[in-house]
Amino acid sequence: MRSTRAVAGYRIEAADGRIGEVSGFLFDDDAWAIRYLTFDTRKWWPGGKTVLLATQWIDDIDWTNSTISTTLTCDAIRHSPAYDDSVVLNRGDETMLHDYYRKNGYWIAAPKE
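Residue 1 is where the sequence shown starts when you use UniProt numbering, and the numbers rise one by one after that.
Simulated from the structure, these hints should not be mistaken for lab results. From a predicted model like this one, the values you see are computed outputs, not experimental measurements. From the three backbone atoms N, C-alpha and C, an ideal C-beta is built for every residue, glycine too. Just to be clear, a hint being listed does not mean it is correct.
Listed next, the in silico DMTMM-like pairs over lysine to aspartate or glutamate satisfying Cα-Cα at most 25 Å (straight line) [as the list claims (entries may be wrong)]:
| id | residue 1 | residue 2 |
| --- | --- | --- |
| 1 | K49 | E21 |
| 2 | K49 | D99 |
| 3 | K43 | D16 |
| 4 | K103 | D84 |
| 5 | K103 | D59 |
| 6 | K43 | D85 |
| 7 | K49 | D16 |
Here are the in silico distance ranges between beta carbons for each label pair [what the hints assert, rightly or not]:
| id | residue 1 | residue 2 | range |
| --- | --- | --- | --- |
| 8 | T64 | D30 | 28 to 38 Å |
| 9 | I34 | S86 | 15 to 25 Å |
| 10 | D28 | P81 | 14 to 24 Å |
| 11 | S66 | A15 | 16 to 26 Å |
| 12 | D99 | T64 | 20 to 30 Å |
| 13 | A82 | R18 | 14 to 24 Å |
| 14 | T64 | R91 | 35 to 45 Å |
| 15 | M1 | G24 | 30 to 40 Å |
| 16 | Q56 | D29 | 13 to 23 Å |
Make the full structure from the sequences, and use the hints.
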């Protein structure tokens, strides 16, 4: 188990390169779960922005090298919806983000097999 303070600053590695560093976390206080990591992409390209990475889209965390990996591409992340931390994230915003990546939301029940 790690604290969020320890993980802040970890590098985000997309499928095709480094894309940012963890700057924060969005916590679901109903479910007591971290739903998203926030990270700033401005160091990696001019005009960058703060974006969200759903925890379910994390493929690996390398504690030794302080990296978090995802199969999302740099280009997909670059064009993803921006996150504004001055506005409360609502289900509409989450739906837009998940639709952009063509991913099911955590709030959608998985089909029973």
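The hints, checked one at a time:
1. K49 to E21: It holds: about 12 Å lies between the C-alpha atoms, which stays within 25 Å.
2. K49 to D99: Answer holds: K49 to D99 is near 19 Å, not above 25 Å.
3. K43 to D16: Answer holds: K43 to D16 is near 16 Å, not above 25 Å.
4. K103 to D84: It holds: about 21 Å lies between the C-alpha atoms, which stays within 25 Å.
5. K103 to D59: holds (14 Å)
6. K43 to D85: holds (18 Å)
7. K49 to D16: Holds - the C-alpha atoms of D16 and K49 are around 19 Å apart, at most 25 Å.
8. T64 to D30: 28 to 38 Å: Holds: the Cβ-Cβ distance is about 34 Å, inside 28 to 38 Å.
9. I34 to S86: 15 to 25 Å: holds (20 Å)
10. D28 to P81: 14 to 24 Å: holds (19 Å)
11. S66 to A15: 16 to 26 Å: holds (19 Å)
12. D99 to T64: 20 to 30 Å: violated (35 Å)
13. A82 to R18: 14 to 24 Å: Cβ of A82 to Cβ of R18: about 19 Å, so the range 14 to 24 Å holds.
14. T64 to R91: 35 to 45 Å: Distance hint for T64, R91 holds at roughly 37 Å.
15. M1 to G24: 30 to 40 Å: violated (19 Å)
16. Q56 to D29: 13 to 23 Å: Holds, at about 18 Å.
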